[in-house]
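Chemist: Residue numbers (the UniProt record's numbering), protein chains in the order written: chain A, 1 to 255; chain B, 1 to 422.
Calculated directly from the structure, the hints in this document are not laboratory data. Beta carbons are placed, not taken as given, at the ideal position from N, Cα and C, and that holds for glycine.
With a cut-off of at most 25 Å between alpha-carbon atoms, the simulated SDA-like pairs for lysine to any residue come out as follows: (1) A:Lys121 / B:Ile291; (2) B:Lys416 / A:Ala135; (3) A:Lys93 / A:Trp137.
Take a look, some chain B residues computed to stay more than 10 Å from chain A by CB distance: (4) Val190; (5) Ile200; (6) Leu270.
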Amino acid sequence: MDNKLLEVSGLTMRFGGLLAVNNVALEVNDQEIISVIGPNGAGKTTVFNCLTGFYQPTAGQVIYRGEPVQQLPGHVISRKGMVRTFQHVRLFKEMTVVENLLVAQHRHLNTSFLAGLFKTKSFKKAEAEGIERAANWLDRIGLAEFANRQAGNLAYGQQRRLEIARCMMTQPSLLMLDEPAAGLNPAETDELDELIVELRDQHKISILLIEHDMKLVMGISDRIYVVNQGCPLANGTPKEIQSNPDVIKAYLGEF
Amino acid sequence: MSKSSFIDALIASVVMLILTSWLLGLQLDNQPDGLRIILNDAAHTTWVIVGVVLVFFTQLFKAPISRVFSGIKSKGQDSGFKLPAPEEKPTLYRFLTIAALAGLLIWPFVASRGAVDLATLTLIYVMLGLGLNVVVGLAGLLDLGYVGFYAVGAYTYGILNTYFGVGFWTALPIAGCLAALFGFLLGFPVLRLRGDYLAIVTLGFGEIIRIMLNNMTEVTGGPNGISQIDKPTLFGLEFNRRASSDEATLFHDFFGLDYSSNYKVIFVYLAAVLLVVLTVFVINRLLRMPIGRAWEALREDEIACRSLGLNPTIIKLSAFTIGAAFAGFAGSFFAARQGFISPESFTFIESAIILAIVVLGGMGSQVGVILAAIIMTILPEMAREFNEYRMLMFGLMMVFMMIWRPQGLLPMTRPKMEMRNG
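With the rest of the complex left out, here is chain A (with noise of 0.2 Å):
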């Protein structure tokens, strides 16, 4: 298949006697929002942290377009194009908004001694060109005239959507938002479901989502995992979720 971007397949996590993750297989195409849902504590951000590096999973496979990156360190996946943001927003604080932009794009810009030490032409012409997509991304989430406050300093609301900016300045293929709604009102939330989908139909990328607004995932998923107690529970489309009687079972309990 040449559209499959992620194939994940007996993912299993274990800290010492607690097994975390549980033979989790998930498949992301391309252009598509797929979102995991389940219960709190149900291994969702473990997963997460297993597909970008951060834990070394005890067993099963990644494949990320057709190469497989289970074992290795998190830039290096980040670098393949696999871009997270954090449940709880991890900004550089102290730097201004433009500059964080600016330190997500380090690859992208020139990055050789003498040329910055000396500010040749081709290191003005890097810079200006990463600051004027930093300025485009700026417009697009409302924060252009924040662009020189220090990041730490704006809203809650508007630190998440740094964050997702943030991201995009790698320019990746795999966005995977981790809660990306908590902590918002509804009229923030209406505006991340369109940055979402967005993302998807205008800038092409994909968008793996853990989200427990129920609101949100139903309405812009394309498929649905659902997680519980580490265990894959179902999978498939919005509808077919919302009528599933194991899932209803695992938010509701039984009857």
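Start from chain A and add chain B according to the hints.
Modeler: What follows is chain B alone, placed relative to chain A:
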């Protein structure tokens, strides 16, 4: 000023008058027939009146005065005085740079020899402070063994000069590179460490270097150190009274001047100025380069760095290496200025002082660090007459600084980026 403040002021001055006239205006006089209370001399009376008037007016204008002070203070609690970013006021910065450079160049010709020598020492600390600022202030890696790299630089020049007769300007880059290599080597084992753990390991590293120098007696002379290290030369011209060898030319002979030992002091000072200007320039550029931003990003959040494809290993190692290189330059310069080095000069207290310079100046702030280096070297010299209270004053100053201005003298300003309009 209202009526009530006038009455308040009046009461305060009357109270002041009653109290001080008892204490200062009267005197016990030892007369043959016993003690007598007499009026004090006119000078005391004048001072009592001055005091009373002063109290009256301070009380009267208490409200406007306190408003002024509270204005300063409330600003101080926000962020305090901050320098504007260079991008905001380019002309101001250009003017200040030129003024500072001119001052630095004129200084040796107007100041006394001792003052010039002290200024050279200050410049060495400026270099050290700026170098450590990269590691601690920017990359956020707490390094308590920075003096180790300083020692490596000093001994590199000392040994190369004594055994192989290498001149200062040739040894300078070698010393820098060797110190950088040591920084790189230290970087490896401490890659996984942060904060307190890193501090302990680097502390150990600094001590290892010092003890090694102390014990490798055959090479380093042990506790006796290395003496008679050559001073820097100006394109081969020596500053000594007599030429060290037959082919060497002397500075005063070459220019047909009478010999003066001042030339040497001034030249060493100017060489230090040159090195410091280079250091400031290089680090200033590094700050605005991708690698400089990466250092700061690493300080802020290592996990986020990794998630964005930045390799923390390379960032940390580069910070250690570049920081150490500047210590190496400063070290070889120190050896050249002093002409004598021994492990005594590279004890832990030096590391502590350099770290204090960085913290006092404001982490990451170049101007702050330079200012702090000047204060930290000149104050102890000025306070020499207080003898044993010197260190106590020094300590007190640090304590008060950390209470009143924990962000440092001149905290770092973020570079402002020009965004396109619209």
